[in-house]
Amino acid sequence: MEQNNKQKWSLALVSLPVIIWTLIPVIWIFSLAVKPQANQADNNFWPRGFSLDNFELILFGGASDLFLPALLNSIIVGLIATTISVILATFCAYAIARLNFSGKKMILFVALAVSFFPVISLVTPLFDVWRSIGLFDTIPGLVIPYLSLTLPLSIWILSAFFQQIPWELEQAAQVDGATSWQAFRKVIVPLAAPGVFTTGIITFFTAWNDFVFAISLTSESARTVPAALAFFTGASQFEQPTGAISAAAVIVTIPVVILVLLFQKRIVAGLTSGAVKG
Amino acid sequence: MTDTIAPSAAHVPPDTTAQQPQRRQEPSGKKRRGKLVPYLLLTPAILGLLAGLGYPLYWQFTTAFKEYGLRQAFGAPAEWVWFDNFTKILTDDAVWAVVVRSLAFCLVNALLTVAIGLALALLMRAVSAPIRITIQIAMLLAWAMPMVASVTVFKWLFNYRTGLVNWVLVKLGMDQFENYSWFSSPWTFFLVATMIVVWMSVPFVALSLYAGLTSVPDEIVEAARIDGASSTQILWRILVPMIKSVLSIVLLLQIIWDLRVFGQINLLQQQGAPVGSTNLFGNFIYEVGVGRGDFGTAAAVSLFVLALTMLISWPYVRSLMKEEENS
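Taken in order, these protein sequences are the chains called X and H.
Each residue of the first sequence is one higher than the one before, counting from 1 in this note's numbering.
Each residue of the second sequence is one higher than the one before, counting from 1001 in this note's numbering.
If you are wondering where the hints come from, they were derived from the structure by calculation, not from laboratory data.
Treat the hints with care, as some may be off.
Quick look at which bits of chain X chain H covers, simulated, 3 or more residues with Cβ under 8 Å [said to hold, decoys possible]:
1. 10–22
2. 63–70
3. 132–138
4. 151–164
5. 174–185
6. 205–217
Beta carbons are placed, not taken as given, at the ideal position from N, Cα and C, and that holds for glycine.
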């Protein structure tokens, strides 16, 4: 793996446009978020002047009663949907990967077929039924549709992952005198954790980022951030709410980045099912 | 480095075969318990899915065969018209235009995303640690940006009057881009839409594939190189086959996500795009159903999309299922 200097430099040169292309929109959002209100429309890429007015506006000011409840809703909905989805998918994937029963293929097939159904087609009937049974504009009213978006994919990913786990280690541990619970907890759980974390992150992100259900199945009390962004207005009707939207985007990006960085090692392992062998 | 070549190269093949005999032994021990347990484990997930999907699917399946317009939505009895909605959409050129457009958009975006993602994963594998970490964090930020916000940024970037893109192009001497409107023609509209979708999806693919590549032992690549394999051979004969499972899952996810693209197109259309010639599946169903109030036709289109996508993806799905069986 010796690289000569020339090769190193050419690789760095290739990386530069990649980084720029990836970051331009991100930097622009950060820049808009810290631009003072007066410079908001000046089209400068780098902000001239720095202010936290936009953050103040959405965290403490006029837009806070729109943003803060939405942020709380986003967190609650994301966490509940993720927890339930991961647990249910783990059970299901374990059965598919490890146990023998008929209809295994059928389940994988149906899970996939369901994923192909246009999301928007679920909205109208759900809207009707949620209104009539009182789930409209509630937390469960969002969690349930997110489960139906994420469960099928989680089942697919997890059952593929579980099939790669060297389950014979469990028996080896039992031979060495561990009880079956100990063998499961001490041997299998650490091996399965990466895959579970990966599906968890994907699930959380789906719920966190969803716009379609959020905008159609909520009005005020369960509205999440992506939907709330659409309701932001400028300080006066002639002002664009770009600064406030950008500041909100920055705030909701940070938790996801932190979550990923926190579980980075496990996620990487989860995506590389091969890594658990060895 | 070099002294580990022999053990780990010898280590890999037995690993994949070790599971075979293991699988065959195992059911005998747990035969009795195994009858009911799988179904108990499946039930919660199935119930969870049914809660969200049961009624909508039932509603779409029945509504597709009814005359269901605004009058019916407000309580008038909906009459069964059986296949009328289907004959109507199948003879409608606009529907076929949407079908072709959506499938083309999905395929182009999914393949482009996976190709760029793979290229970036290989790049990350090759560069030194500081550059790699910079790329990773950049991609993480791009991935975590809420969709609504990133689309908004792209709308500003491509704004005909104040957008950065037109400004740069004019500065570069291409005067025809002075006040050029990217959203008014379908081709440039989808060019921008593709950029957005690819920009948003590449990070996940690149990070997943890079994670996959890290599990390929350096020694194998090194051994191949010593045996005289070229870089392209190493890529196609060693790296790609070894990350095949990650690659196929990522491609599958990407196809599903790109088929379901709705918000991005919807938000871009608000920039004054011709809606009729820029609709994808989701947007078309939304326009016919929620927009025009013709829920019967919208339901028929939904089912048609479902049938069509299942049919087209069938070979791929079957090969994936075979993989699941074999592993």
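How the hints compare with the structure:
1. Check result for the region 10–22 of chain X against chain H: holds, 8 residues qualifying (beta carbon to beta carbon below 8 Å, three or more required).
2. Counting residues of the region 63–70 of chain X whose beta carbon lies closer than 8 Å to any beta carbon of chain H gives 0, which falls below the threshold of three, so the coverage claim is violated.
3. Check on the region 132–138 of chain X: 0 of its residues sit with their Cβ under 8 Å from a Cβ of chain H, so the three-residue criterion for coverage is violated.
4. Check result for the region 151–164 of chain X against chain H: holds, 10 residues qualifying (beta carbon to beta carbon below 8 Å, three or more required).
5. For the region 174–185 of chain X, the stated coverage by chain H is not satisfied: 0 residues place a CB nearer than 8 Å to a CB of that chain, which falls below the threshold of 3.
6. Given a C-beta distance limit of less than 8 Å, the hint that chain H covers the region 205–217 of chain X holds, as 5 residues qualify and 3 suffice.
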